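Enquirer: Note that the protein sequences, when read in sequence, are chains A and B. Letter 81 of the first sequence, counting from 1, is numbered 81 in this note's numbering, and no numbers are missing. For this note's numbering, count along the second sequence from 1 and bump the result up by 257.
To be clear, the hints were calculated from the coordinates, so they are not data collected in a lab. Values in this document were obtained by computation on a predicted structure and should not be read as measured data. Hints should not be assumed to be uniformly reliable.
[To be verified] Pulled a few chain A residues facing chain B out of the computed Cβ check, cut under 10 angstroms:
1) MET1
2) ARG5
3) TYR8
4) THR9
5) LEU10
6) LEU12
7) MET91
8) LYS92
9) MET95
10) VAL96
11) ALA97
12) MET102
13) PHE139
14) ALA141
15) GLN190
Note that beta-carbon positions come from the ideal geometry of N, C-alpha and C, so glycine has one too.
Here's the letter readout for the chains.
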Amino acid sequence: MTELRGFYTLWLREVKRYLRDRTRIVSSFVQPLLWLVIFGVGIGASLRGAVPIPGLNYQQLIFPGIVGQTLLFTSMFMGISVIWDKEFGFMKEIMVAPISRMSIFLGKMVGDSTDALIQGVIVLILGLALGIKIDFIAFLACLPVMLLITFGLVSIGLTIASFMGSLESFGAIQSFINLPLFFLSGALFQIQSLPDWMQAVSKANPLTYGVDALRNIILGGVWQPFQIQPLYVDLAVVGVFDLGMIIIGTWAFTRMK
Amino acid sequence: MPNVIETNHLTKSFNSLTAVDNLDITVESGEVFGLLGPNGAGKTTTISMLCTILKPTSGTAKVNGFDIVKEATQVRKSIGIVFQDPSVDDRLTGRENLYMHANLYGVPPSEQKNRIDSILKLVELEDRADDLLRTYSGGMRRRLELARGLIHYPKVLFLDEPTLGLDPQTRDHVWKYIRELKEAHDITVVLTTHYMDEADRLSDRIAIMDYGKIIALGTSAKLKETLEGDVIIVKSMSLEALSSLVTEKLGFQKTRIVDDSLEITLRQGKSLLPRIVEAATANKIFIESIVLREPNLEDVFLHYTGRMIRADAGKELHGFSAIQRRKIR
Chain A
1 MTELRGFYTL
11 WLREVKRYLR
21 DRTRIVSSFV
31 QPLLWLVIFG
41 VGIGASLRGA
51 VPIPGLNYQQ
61 LIFPGIVGQT
71 LLFTSMFMGI
81 SVIWDKEFGF
91 MKEIMVAPIS
101 RMSIFLGKMV
111 GDSTDALIQG
121 VIVLILGLAL
131 GIKIDFIAFL
141 ACLPVMLLIT
151 FGLVSIGLTI
161 ASFMGSLESF
171 GAIQSFINLP
181 LFFLSGALFQ
191 IQSLPDWMQA
201 VSKANPLTYG
211 VDALRNIILG
221 GVWQPFQIQP
231 LYVDLAVVGV
241 FDLGMIIIGT
251 WAFTRMK
Chain B
258 MPNVIETNHL
268 TKSFNSLTAV
278 DNLDITVESG
288 EVFGLLGPNG
298 AGKTTTISML
308 CTILKPTSGT
318 AKVNGFDIVK
328 EATQVRKSIG
338 IVFQDPSVDD
348 RLTGRENLYM
358 HANLYGVPPS
368 EQKNRIDSIL
378 KLVELEDRAD
388 DLLRTYSGGM
398 RRRLELARGL
408 IHYPKVLFLD
418 EPTLGLDPQT
428 RDHVWKYIRE
438 LKEAHDITVV
448 LTTHYMDEAD
458 RLSDRIAIMD
468 YGKIIALGTS
478 AKLKETLEGD
488 VIIVKSMSLE
498 ALSSLVTEKL
508 GFQKTRIVDD
518 SLEITLRQGK
528 SLLPRIVEAA
538 TANKIFIESI
548 VLREPNLEDV
558 FLHYTGRMIR
568 ADAGKELHGF
578 SAIQRRKIR
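Same shape as in the complex, but just chain B (with noise of 0.2 angstroms):
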């Protein structure tokens, strides 16, 4: 399959930080790219170049085939954008929006009726078409930005965070349109995020980004592969019983101990799960629970980094202070 995106040593600086340190990806056409990180990874900085509201610092990029440095009007015309902070004019209706999007990416006008009425139907808001965007709630909103960014029928679709701070139930929702949307119209999508679970469940392909490198890029079964299984975590007063048992007797190298339980590292977690309790039993040593979690997004970053995605990246911000985020960044 063709690359639609190609990145080349793309490379942004401010002043002293880097935030896009030489990054080389490819995306193939028609799958659905991820880039999971935490805040501040460079996602957004990567997605604001390929769509030409940055300029790289060095290296180059092509999107459709397009330079996003000399060709950057044709690089627009390929691609639709959902940013991650709202982008509405929320004075004006939801056909309204549509519209003028239409006519911004030079829309035929003799298309644009049909195509904003059957995206309006595929995203669920043709009932609510005609009210101002002010009386949508946050998931129409994102809805309708969805389907503003392919009216043009864009090659790419880049969603930056595209369920930042909406409730689960709506994030639900989204998801689904996402893709119907991409099925709907056989396109292109990158998206950023740093969901696990958005990540795991949209993508075809996932690269993990830590201070803007990617340190990790796969499918997500693969990535997951590549941790050696699942892992056990077992709680006990003695904990350094139990490791030295595990280790020594069991045989089990990947272990680690954290807070007041200890994680066990393996293949076939299921059948291995028994001899662990039977041996800890014959050593008379006491679990309290024990419990065998199949490996997750989250152990692969961590596997990668060493870290967890930062704990304040799930905060959701609403309404005035949502603004006041904006201002800051």
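Bound-form chain A, shown alone (with noise of 0.2 angstroms):
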């Protein structure tokens, strides 16, 4: 019970600190944005409608994978908060307090999660405005998955973070990891096509399996035929990523000094 109670409480602080940070809520969707607009129109324009997947333009193509790329910014970036708790002091407060370090990893973990979850709903909502068709039902159904898929980026971002000393050193590393995620999820082009080598590697890469349960949810029929996995199978890869990363998340908030 009083893990329970420590557990909801941190989880509690992270959402309240981020729902408060009305800067960091304003800015958030003028990245995806851009994405979308600039880069999806710009590219779709020089395909001349090239996109091999009928009935879909380049900019519906990677709306699911902008939004995978918002949870996986936003996740890595909460690591940020960790170092910032132990430069101010209040990772000692929440150390010395008598439960569990995997409570405390979870709760800011989830907290974090949550934060990141809403991010993701601010650029589904971005996209309806762009004229993206995500029906009623799509839309509530991604709204698990999102989480499923941040739990494990968000797990990232803090044993980054548990590690470091410093806001610089973070950055460093946290854009080391977030590029390569990113541009091997086959977030902005079909996997399929690529050379073997890529391929191999955009599979070993646990945000593609997001991207692509995404894809089956938001696109639906038009994606299956050339879907990476069922969407089953994706959730399956990346409740298996999450349940590692919490592992060693937890482990290295209990060598945390």
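Starting from the two chains in their separate frames, assemble the complex, guided by the hints.
Expert: So, in structure tokens, the structure goes:
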């Protein structure tokens, strides 16, 4: 019971802090907007309708990818809160509390994931505003799937941050991970047409299955012939990845001073 | 009275440095126990071990009857801590910080509101309780941290340099709160400080710590008694003559020359001061000034270590330099 309340209170803290940070919320849809409108329309125009998937334009194809990208970048960025807490001494207050490190990690992780989920929802709404069709059932189905995707990604961010001493070093490592994961997730193109080695790397990337799951849901039948895995396999892969990262993250928090 | 804290050869080494060296102390229930010493003496390391943040290299300790290594969770439930550096969430309000702490420490939800309201009143923050912490002054944050440390009714409250970096007026306030909180909650307080006056005003017993060891322990009055009395400081051009006069004619053995004055340690300084002036006048030694000083803890520290508490000890850091300092440590 104490553990559960500890978990809840840490979750609440992350969500409150996020919701109070207006700049972060407002700025959160600028980047996806640029990707969808400028990059999406621009590349789409130069392809001249050569997207190999019947019934989709380029912007529609990359939309689930941009949702995935937002989840990735936001989740990884959340690690910064660990460094911030260390810097401002708050981590000590949490670390001496009589609750387990696992509850501490999970509270923080699920809280940060909730924040990332809110960002994801903002992008979904942005998509609707740009005229991308997402039916109501698909919209609802996206919510748990997005949350599932963020668990593992937030855990990566928190794990790295728990080893880092400064914001600068965290920023450097973060961009090292963000871009390869993003580019190799099939967010911007289909991975089936890639050279073998790149396809292999993409298939080892957990985010690939997250993006594929979102495409399965949002694009539905149009995407099915091109899907990398059926939805349930995508979710299983993401779930296993989450579990692995949560174990590593808890371990990282246990050894953190 | 039962002992709330007992350490047994408690030792902590960092590589070749022994920060805490075979510490054996006992803290009785209900007392205010002061750990006094310069920066780097091992005070914070000692407290960190007792609070289960650091594991001892060797030796053991019990807090509230629980072993600090084997029963860490029980120890954590028994203690409250106010860290040397600020440790509040400045993007939450004062009240939210207290609720969070209450939940982390398993305070029953039905009691949380009452406890928080009454403790906010005690530290006089009820008007600002719903403002974000970032709008608080340093003294207010300190008071909130004191309140936070008590929300779960700990048996022992650890205060690590509770007034470091605060202005004199705020320090007075914080001292007042510490005493009031102690009375109201009937707890044991362990505090570390390098401020002599702080140790003197707050502690029932003081342990003077240097290089990881306790070099003297007792009540403030007892410690001062060991000094054998007062200090008379005489400023004069002819210190050598004055010194031999005082030792040979008047028979005061404890004298030493510091800069341009002579310090004489003796009992009953008040009645002996005129003798010194008379003797000097009779021997045509001109005295520029003469001061009688009753012993303070600084003298006690000097007596045991042969040094003043290090000069840089009182340096106060604010804002960004405080953050930098944390990084270095």
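Enquirer: Could you run down the list of hints and mark each one as holding or not?
Expert: Outcome of the hint check:
Look at A:MET1: its Cβ gets to within about 8 angstroms of chain B, closer than 10 angstroms, so that hint holds up. A cut of 10 angstroms between beta carbons decides the hint on A:ARG5: the least distance to chain B is about 5 angstroms, and the hint holds. Of the supplied interface hints, the one on A:TYR8 holds, with its beta-carbon coming within about 7 angstroms of a beta-carbon of chain B, less than 10 angstroms. The criterion of a C-beta within 10 angstroms of any C-beta in chain B is met by A:THR9, whose closest approach is roughly 4 angstroms, and the hint holds.
Because the smallest distance between the Cβ of A:LEU10 and any Cβ of chain B comes to about 8 angstroms, under 10 angstroms, the interface hint for this residue holds. A distance limit of 10 angstroms between C-beta atoms decides the matter here; for A:LEU12 the minimum to chain B is near 8 angstroms, and the interface restraint holds. The beta carbon of A:MET91 is positioned within 10 angstroms of a beta carbon in chain B (closest approach about 8 angstroms), and the interface hint is therefore held. Among the interface hints, the one on A:LYS92 holds; its C-beta lies about 5 angstroms from the nearest C-beta in chain B, closer than the 10 angstroms criterion.
Checking A:MET95 against chain B by beta carbon gives a least distance of about 7 angstroms; that is within 10 angstroms, so the hint holds. Checking A:VAL96 against chain B: minimum C-beta separation of about 6 angstroms stays under 10 angstroms; hint holds. Contact between A:ALA97 and chain B, as hinted, is supported at the beta carbon level, the nearest pair being about 4 angstroms apart and thus within 10 angstroms. Here the hint on A:MET102 is broken, as its CB sits about 13 angstroms from the closest CB of chain B, past 10 angstroms.
Hint status for A:PHE139 relative to chain B: violated, with the closest Cβ pair at about 31 angstroms, above 10 angstroms. About 33 angstroms separates the beta-carbon of A:ALA141 from the nearest beta-carbon of chain B, more than 10 angstroms, and the hint is not met. Hint status for A:GLN190 relative to chain B: violated, with the closest Cβ pair at about 42 angstroms, above 10 angstroms.
The earlier numbered hints that this structure contradicts are 12, 13, 14 and 15.
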